[in-house]
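Novice: Now for the letters of each chain:
Protein chains: 2
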Amino acid sequence: MPTKTCSVGLVGFGTIGAGVARILLENADQLRAKTGITIILKRICDLDITTDRGVAVSEGVLTTSLDDVIDDPEIEVVIELVGGLTVAKQIVLRAVAAGKSVVTANKALLAEEGRELYQAAHERGVPIAFEASVGGGIPVIAALRDGLIANDIQSIIGIVNGTCNYILTRMAAEGARYDDVLADAQRLGYAEADPALDVGGGDSAHKLAILAALGFAGDFGYDEIHVEGIQATDPIDIAYARELGYTLKLLAIGKRFGDELELRVHPTLLPDEHPLASVHDVFNAVCIRGSAVGDTMFYGRGAGQMPTASAVVADLVDILLGKAKHTFDRLRLFPGRTESLRVRPIGEVETRYYLRFAALDHPGVLARIAGEFGDHDISIASVMQKERHATQAVPLVILTHQATEAKLRRALAAIEPQGVTEGPPVVIRVEGEHE
Amino acid sequence: MPTKTCSVGLVGFGTIGAGVARILLENADQLRAKTGITIILKRICDLDITTDRGVAVSEGVLTTSLDDVIDDPEIEVVIELVGGLTVAKQIVLRAVAAGKSVVTANKALLAEEGRELYQAAHERGVPIAFEASVGGGIPVIAALRDGLIANDIQSIIGIVNGTCNYILTRMAAEGARYDDVLADAQRLGYAEADPALDVGGGDSAHKLAILAALGFAGDFGYDEIHVEGIQATDPIDIAYARELGYTLKLLAIGKRFGDELELRVHPTLLPDEHPLASVHDVFNAVCIRGSAVGDTMFYGRGAGQMPTASAVVADLVDILLGKAKHTFDRLRLFPGRTESLRVRPIGEVETRYYLRFAALDHPGVLARIAGEFGDHDISIASVMQKERHATQAVPLVILTHQATEAKLRRALAAIEPQGVTEGPPVVIRVEGEHE
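Chains as they are written, first to last, in my numbering: chain A, 5 to 439; chain B, 5 to 439.
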């Protein structure tokens, strides 16, 4: 087999960067055997080049100057692992302008600035590869891009944030409170000191933006995604839902209906037998429904040093083998190649709902509530009234059939002034059908 | 985007062939939008060109002569969907000799004759693509080949036969007998009139051979795979295993330990929380463990017209975009590129075991059996003795810790002549650890 030598530059020597360096240095022989390419990690750029990352890097490789990477004509590929928006964007744009291919794991950057970066790369004739931006080492980007190319993608539904899944898994297993589990997750390193981007759903929305752009070819804005986090989750709802045969997950949901899209991230109840319902702890999984293939699911560790590094190196090999350039320019991510799809406002989204009212212990309360649902054309699928306590409101759990969010909100607005409930109900959307 | 036109020939116009034709004809515009290629299905060859397959084929496309495909210089790719060994092998070899790329879904052919075919294609400089041979439309071949390229593959464990999974799912749900469910599955079209290749494990072994060759780069013979089917499955063992927290599946198992491989297909108990344990009905799933990525799983419909056609068309696009040739020649499937790995005989394979003895109702029976296990250095993990009936043998279920098969067989041979059990025990291997 003919062999060749290729040089690459790594920008950002944090956890993932060290993992990538480890694979490239320690597995160089295996990679050469598999690809016929000797990959030279020529430069590693970071502001901090003194901390030991546990990887043996040759002298002269580390640099604090981005110019050493960008201006080196031998470096064919720049791996951007800086994260964040401003600096990372400049790194990618400079690399592209210098005619270098780019690998990035930066989901925030691609979700919010992807169009501009893809377009710049497209015009310069170099690929941007981003398998590592979603689902860690799970090759779900490749599946959407290549493996399922014969399909119209109908839906993409995923558990794409390991921190939230870990918290919800433990809340379900232990009946524990959100705050307590979050604190524990932070102690164990499964949640950041500032967990807002994870638990608020923003990270999941970033990943949904990337998957949906690729799968649906729609030119939508990141801010068109409806986002709710898990911060308000009460373990009592997890317990009640379990009695009804449902599991609570934070889902990223993209669906296509003709020329319209639904794009939303929120806590969601799934029937226990749904494949995503048994995805636990920090694991991620993405279900993709295609017109020919039907339902598929891709499962694995969605984050972490080596899983993410695995995806970065796969992208790098794809570029070095000359395959990425055959792929990237044909993606429907560029002006003139995208489709004009309208994102439905959340009010138009139709789902089933889990509702928990704090019902006052009066006769006829259920009749009043059920009556309002009937008047608003919302069918009730099941009702669960928990035992009554003399002195306090009674939990009344209602599962509805399909209804638009706007219709539901109107019904709830009509129930509220009747004085039969205490405060607004808990509302959790339900996806998936019971088998 | 520049566009080009490519002609392909389809050989074998059965269920899958009709599905491929349907995608190429009915989705031509979408495929052109995604790939920049106008794909012309120029010839369809089959012995039967009169039966209506529900696809509108232009006049002059159908032919009974393979020469019309092979001798047509415009046809760049031959899609082999004839199935079986002899004729299919000649079709592939002739296509390759004529310099045409090949797409095939023929798992028996690749498992048993793959080395020769891969080598012929390699020498001629054309790729053979075979995503559709395993897992229907699930892009698991691409994952092993590309997405996980940065990993040493440590294990490949899959449910890769939908017929067996359907039968076992129904036996578990209904407590039904194997024969009854098989008959029902045949009536419903989920099992062939001659189900031997499916229920006997041969089909799963074919798929394991393909996955293991790709994942482990070992040059082993198909007949080195240890194969047991599901025909002897008794619903009582499914029920007892469930009490212990286990689910019965027919698994294809490939593991690498240094320079040795385990390759086996047999009914297997999995802890209920294992991701494969909740793969039901005709669905397939393959778990791949990689050195960097950890545990991944790929899930979907493993058979059927459109899922399989989805994979065939993905392979076709990969070839037409010029990507497959970058990939195929670098696969470790050819002499000089494979590794010398020894396949462990089943006696050397170490697993845990579920054993069900028909114990005679005498005092000291458990002590005798447990004593023999102790003497043979096999640890017992748990014991379940079901209630006694005065007139018959008592079911005694034992779960062991890890032991080699040879050691287990010696212990069972020592127990047999002691006259405390009736007949040989049921033995089912156990994979996966309880969390």
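Treat the hints with care, as some may be off.
For chains that are exact copies, the list does not tell them apart, and a pair is met inside one copy or across any two.
Think about it this way: if two alpha-carbon atoms lie no more than 20 Å apart in a straight line, the pair counts; the simulated EDC-like pairs of lysine to aspartate or glutamate are [what the hints assert, rightly or not]:
no., residue 1, residue 2
1, K329, E116
2, K411, D365
3, K38, E343
4, K259, E354
5, K390, E435
6, K38, D223
7, K38, E63
8, K38, D156
9, K93, D71
No lab work stands behind these hints, which were simulated from the structure alone.
Novice: It remains to establish, for every hint, whether it holds in the given structure.
Specialist: Status of each hint after checking the structure:
Taking the closest pair of Cα atoms, K329 and E116 never come within 20 Å of each other, the shortest separation being 23 Å inside a single copy and 35 Å across copies. For a Cα distance limit of 20 Å, the shortest separation of K411 from D365 qualifies neither inside one copy, at 26 Å, nor across copies, at 67 Å. Taking identical chains as interchangeable, the C-alpha atoms of K38 and E343 lie at most 20 Å apart only when they sit on different chains, with a minimum of 12 Å there against 38 Å within one chain. For a Cα distance limit of 20 Å, the shortest separation of K259 from E354 inside one copy, 11 Å, qualifies, whereas the shortest one across copies, 46 Å, does not.
Taking the shortest Cα distances, K390 and E435 never come within 20 Å of each other, neither inside one copy (24 Å) nor across copies (41 Å). For a Cα distance limit of 20 Å, the shortest separation of K38 from D223 across copies, 15 Å, qualifies, whereas the shortest one inside one copy, 37 Å, does not. Within a single copy, K38 and E63 get their C-alpha atoms no closer than 27 Å, and across copies no closer than 45 Å, so neither meets the 20 Å cut-off. Only between protomers do K38 and D156 lie at most 20 Å apart by alpha-carbon distance; the minimum there is 11 Å, versus 33 Å within a single protomer.
In this homomeric assembly, K93 and D71 come within 20 Å of each other (Cα to Cα) only inside a single copy, at 15 Å, whereas the closest approach across copies is 55 Å.
The earlier numbered hints that this structure contradicts are 1, 2, 5 and 7.
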